[in-house]
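J.: Take a look at the letters that make up each chain.
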Amino acid sequence: MPEPLLDVRDLRVCFRTRQGLVTAVDGLSFSVAPGEVLGVVGESGSGKSVSMLAVLRLLTSPNVTVSGEVLFRGRDLLALPDKEMRAVRGREIAMVFQDPMTALTPVYTVGWQIAEAIRAHEQVSRKEAHARAVRLLSDVGIPDAASRLNAYPHEFSGGMRQRAVIAMALSCSPSLLIADEPTTALDVTVQAQILDLMRELNAGGSAMVLITHDMGVVSQIADRVLVMYGGRAAEEGPRRAVFHGPRHPYTWGLLDSVPRVGGPRLRRLPTIAGVPVAPGGIPEGCAFAPRCRLRHDLCEERPVLSGDTHLDACWLPSGDRAGLRVSARDTEAAS
Amino acid sequence: MLVFALKRFASALLVMFAISVLVFLIFFATPGVDPAARIAGRNADPATLAQVRHSFGLDRPMPIRYLLMMRHLLIDRDLESFVNRGSRVIPQIIQATPVTLSLVIGAALIWMTAGILMGTAAATLRGRAADPLIMLVGVVGVSLPAYWLGEVVNLLTQKQLHDSLFSWVPPPGYVGLGQDPGQWALHMLFPWLTLALLYAGIYARLLRGEVVTALNEDYVRTARAKGLSERRILLRHALRCSLIPIVSLFGLDFGALVGGAALLTEVVFGLPGIGKLTFDALQNLDLPVIMGTVLYAAFFVVLANALVDILYARLDPRARHA
Amino acid sequence: MTAQDIVAVDTDAPPAGEVLLRATDVTKHYPVRGRRQVLRAVDGVSLAVLGGETLGVVGESGCGKSTLGRCLVRLTELTSGRVEFDGRDISTLSARRLRPVRPGMQLVFQDPQASLNPRRRAGDIVAEPLLVHRYGNASAVRRRVRELFDVVGLAAAHLDRYPHEFSGGQRQRIGIARALATNPKLIVADEPVSALDVSIQAQVLNLFADLQEEFGLTYVFIAHDLGVVRHVSDRIAVMYLGEIVELAGTEALYSDPAHPYTQALLSAVPDIDDGTFAEDGPTRERIVLTGEVPSPADKPTGCPFRTRCPYAQDLCAVERPRLTPKASGRQVACHFPLAG
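Protein chains in written order, with UniProt numbering: chain B, 1 to 335; chain S, 1 to 322; chain Y, 1 to 340.
These are calculated hints, taken from the structure and not from any lab test. Hints are not guaranteed to be accurate.
Have a look at the derived ranges for each label pair, beta carbon to beta carbon [as the list claims (entries may be wrong)]:
| hint | chain 1 | residue 1 | chain 2 | residue 2 | range |
| --- | --- | --- | --- | --- | --- |
| 1 | B | 184 | Y | 336 | 48 to 58 angstroms |
| 2 | B | 245 | Y | 325 | 38 to 48 angstroms |
| 3 | Y | 86 | S | 313 | 45 to 55 angstroms |
| 4 | S | 282 | Y | 134 | 12 to 22 angstroms |
| 5 | Y | 325 | S | 313 | 47 to 57 angstroms |
| 6 | S | 113 | B | 155 | 33 to 43 angstroms |
Chain Y side only, calculated, beta carbon under 10 angstroms to chain B, not exhaustive [to be verified]:
| hint | residue |
| --- | --- |
| 7 | 61 |
| 8 | 110 |
| 9 | 114 |
| 10 | 197 |
| 11 | 250 |
| 12 | 266 |
| 13 | 291 |
A partial selection of chain S residues facing chain B, derived with a Cβ cut-off under 8 angstroms [to be verified]:
| hint | residue |
| --- | --- |
| 14 | 144 |
| 15 | 219 |
| 16 | 226 |
| 17 | 228 |
These numbers were taken from a predicted model, which means no experiment stands behind them. The C-beta atom is built at its ideal place from N, Cα and C for all residues, glycine as well.
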């Protein structure tokens with residue numbers, strides 16, 4: 001296994017709220033190898049976005065405490081002085097957010113904002129930055145880039161804006177791109193275009209972390225998958241292993257409850273009982289236990305993420321998970 | 001752009017016409033009020049009344065009287081006061097304008113500077129002790145009425161402390177900028193501060209809210225993810241967007257103040273500006289002067305509105321196509 | 001996967017039931033400010049909804065599917081065309097005449113947060129339509145509200161809570177209970193699950209299925225998620241730029257799309273490869289559409305899809321294809337359909 005590009009160890013994010021200290025990310029560890037695409041999936045409140053914001057130290061509220069280690073090329077980002085951290089953001093690690101409609105400052109042209117990103121990290125002339133912005137925009141598939149550069153964000157459609165945001169993120173050729181639900185706000189046909197674009201980037205050697213709730217998107221593009229629940233990792237492994245032989249009951253639920261466009265049609269969808277756990281209400285033991293059909297006494301205790309390359313945090317016997325999955329579904333159907 | 005300007009101009013004319021008609025009707029068509037009786041004074045005999053009526057043209061039909069008045073005001077520019085016969089309206093307004101402009105422009109510079117500094121500082125220091133402190137200063141400024149504050153300032157600088165601390169403060173009144181710039185500034189200093197204090201507080205509060213909202217926007221997060229410095233994020237992104245509503249408000253306030261809304265400050269500090277002129281004319285129910293000042297005020301408010309619209313479009317690209 | 005879970009049909013059952021709702025050439029145009037154009041949100045839509053079925057309406061943002069939904073229950077006035085509900089033309093009824101018809105058709109909205117009055121208790125929200133339509137005295141209303149809460153899977157303890165105290169899924173249940181209050185025949189659901197987490201989405205979809213079975217409801221189910229629409233619908237209308245481009249039985253539509261847009265839409269959905277049917281059979285050909293959806297205020301001549309269609313020919317620019325029935329029972333608006 002090559003030296004990881006990003007190695008996060010025991011990341012913990014706590015928010016001070018009126019209800020007391022709330023743990024949004026609880027001892028999360030994961031790594032991203034160079035050129036790899038890591039898909040991070042989970043429902044709202046799973047801590048998937050918060051943990052990535054913490055990696056880039058974008059949680060600026062004074063009520064947040066972040067602990068653990070975020071090693072990027074061997075340097076702990078959490079211990080870097082602000083100035084050096086700024087040099088990492090945008091230059092070495094770039095981030096793309098969910099809603100392209102609000103991600104750009106409305107009063108500047110798209111080109112100005114891309115040039116600003118370039119000039120924040122490199123000593124280049126305005127003219128050169130401008131020329132590079134044109135190249136970037138046409139690279140991400142915006143036709144007539146030279147003139148579209150002078151357009152304001154509101155003059156772009158959602159898909160175009162997301163392309164522009166991605167172009168901006170790529171402006172300093174970062175070695176890692178973190179994309180937080182980059183296609184959720186977009187229509188499927190536009191989503192397909194953006195996913196193609198991301199695949200191209202990956203083929204060009206960029207490593208990526210793709211945060212999404214859409215199992216389909218992960219299945220299309222990720223090399224490895226991290227399933228999060230209640231601020232913790234529930235399962236992690238190579239895509240094929242996770243999708244073809246999911247080990248954690250939560251992953252089963254995520255895969256089964258999505259209605260597909262192909263395959264057999266089910267009269268009733270398998271569901272996960274209850275609602276996603278909210279930060280603040282996470283039990284001591286297994287976070288998923290209250291919703292799990294196969295919970296037992298051991299679940300009172302917190303399971304550790306264990307395994308070889310395909311890891312999971314579950315107390316069920318590791319031998320016949322596929323059989324357990326079928327029996328869990330039968331219990332639901334019977335109830 | 002030309003179409004836009006023409007449209008604005010036409011609507012400005014319409015507004016001014018409507019206002020002048022309204023003012024005219026309030027004075028001449030209000031039942032039970034006879035302007036002739038007012039001009040002639042108390043207990044005038046019917047013959048005098050009739051003579052007054054004739055000499056002021058009050059015996060002619062209403063529309064004619066309106067047109068005559070407008071003609072005197074705008075074309076011949078020789079409309080005379082009803083109260084001080086022989087004193088013309090237009091020169092009075094022309095004389096008063098620089099006083100008001102001096103007061104309002106100076107105060108505006110002070111309050112915008114102070115308001116932006118205080119608002120931005122409070123927003124960035126949010127969550128620390130300085131934020132509520134700055135806002136408290138703002139509230140105090142907002143809650144002090146200009147006439148009271150002006151009187152207190154006068155009391156301190158002209159009487160109580162005049163012999164010691166404020167011996168350099170000139171007596172109330174106005175000195176033209178052309179006459180003696182130093183004295184002009186000295187005379188205007190306390191009026192400026194008094195007027196600015198009120199607005200600085202309002203603007204600081206508003207701007208603080210806007211900047212705090214902007215700092216939570218997605219685009220600020222994007223800017224941070226780009227690796228920009230906090231300073232640049234604050235000034236070029238958050239503050240830049242927050243200024244848009246502030247500027248439009250400023251235009252309206254500025255227009256109203258130049259139009260005569262600085263009346264209280266002018267009266268307290270004995271500044272013969274538009275506000276004072278309007279104030280005196282209203283006390284005497286001197287219609288021609290009222291008509292002149294109201295139209296003048298309407299002109300500035302409408303002008304300020306138009307300028308705000310143009311500025312708004314410059315500041316906010318989203319407004320350009322609407 | 002146990003056998004009883006799987007729907008027995010591999011082909012679509014022949015449509016059964018009487019026509020409950022019939023839309024004929026429905027148009028809804030909005031004026032565009034400052035320009036002489038109009039925004040053709042819905043542009044000549046004709047369809048029939050059969051009693052007891054679920055008609056899915058699918059399309060991308062801006063295709064007019066939500067506007068169509070509002071036209072169907074006359075929450076918005078039509079520009080032209082007619083809508084018949086239960087054999088009665090409701091598109092021209094006066095507000096007073098419309099009132100007795102209203103209880104029979106209800107709407108469920110996308111955003112449960114925004115469609116529930118935050119200052120009213122859940123029980124009162126559900127009781128409101130009952131009071132408006134004079135259901136009965138206070139105790140009858142109370143009984144009915146409890147019953148409705150039970151039906152949608154909410155507890156009696158929830159009656160006195162305010163909307164913000166519920167989770168997204170529970171709020172959608174309140175919205176559904178409110179829609180059910182007046183015993184409607186037809187429910188138009190506009191993106192009812194798109195704001196929900198996947199696990200909650202499945203629960204609400206199952207609830208929709210249960211209610212249909214229990215009360216014989218007819219649904220018009222509007223959504224952008226092709227998996228969701230496939231799951232709930234008997235027949236599906238695909239919309240593009242305010243027009244229906246294809247209307248077919250669910251199985252036929254997904255296995256054999258006839259309109260190039262349907263085909264592209266389906267191929268754009270990222271499949272979950274879970275090993276069950278990946279290796280056998282060819283994977284679907286992916287067609288990535290280029291360009292953007294034109295503005296509904298500036299529609300192309302002829303076929304609305306021709307600017308992005310990989311199969312477009314000269315005829316497509318000249319003549320607008322009509323939605324025409326094919327031998328197989330499906331309707332397609334295309335000069336060169338991909339399937340019969």
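J.: When the nearest CB of chain B is found for residue 266/Y, is that gap smaller than 10 angstroms?
T.: Nearest chain B Cβ about 6 angstroms off; hint holds.
J.: Take the C-beta atom of residue 282/S and the C-beta atom of residue 134/Y, compute their distance, and say whether it sits inside 12 to 22 angstroms.
T.: Since residue 282/S and residue 134/Y have Cβ atoms about 59 angstroms apart, the given range 12 to 22 angstroms is violated.
J.: Does the beta carbon distance between residue 113/S and residue 155/B stay inside 33 to 43 angstroms, or does it fall outside?
T.: holds, 34 angstroms
J.: Verify the CB-CB distance for residue 325/Y and residue 313/S against the hinted window 47 to 57 angstroms.
T.: At 52 angstroms between Cβs, range holds.
J.: When the nearest CB of chain B is found for residue 114/Y, is that gap smaller than 10 angstroms?
T.: violated, 17 angstroms
J.: Taking 45 to 55 angstroms as the hint, is the beta-carbon distance of residue 86/Y and residue 313/S inside that range?
T.: holds, 52 angstroms
J.: Tell me if the interface restraint on residue 228/S is satisfied: Cβ within less than 8 angstroms of some Cβ in chain B.
T.: Holds - the Cβ of residue 228/S comes within 8 angstroms of chain B, reaching about 5 angstroms at its closest.
J.: Minimum Cβ distance from residue 250/Y to chain B below 10 angstroms?
T.: holds, 8 angstroms
J.: Hey, does the residue 61/Y contact hint survive, CB to chain B under 10 angstroms?
T.: Nearest chain B Cβ about 6 angstroms off; hint holds.
J.: Measuring from the C-beta of residue 226/S to each C-beta in chain B, is the shortest one below 8 angstroms?
T.: holds, 4 angstroms
J.: Per the hint of 38 to 48 angstroms, is the separation of the Cβ atoms of residue 245/B and residue 325/Y within bounds?
T.: At 46 angstroms between Cβs, range holds.
J.: Should the hint that residue 219/S touches chain B count as held when the rule is a Cβ pair under 8 angstroms?
T.: holds, 4 angstroms
The structure does not agree with the numbered hints 1, 4, 8, 9, 14 stated previously, though it agrees with the rest.
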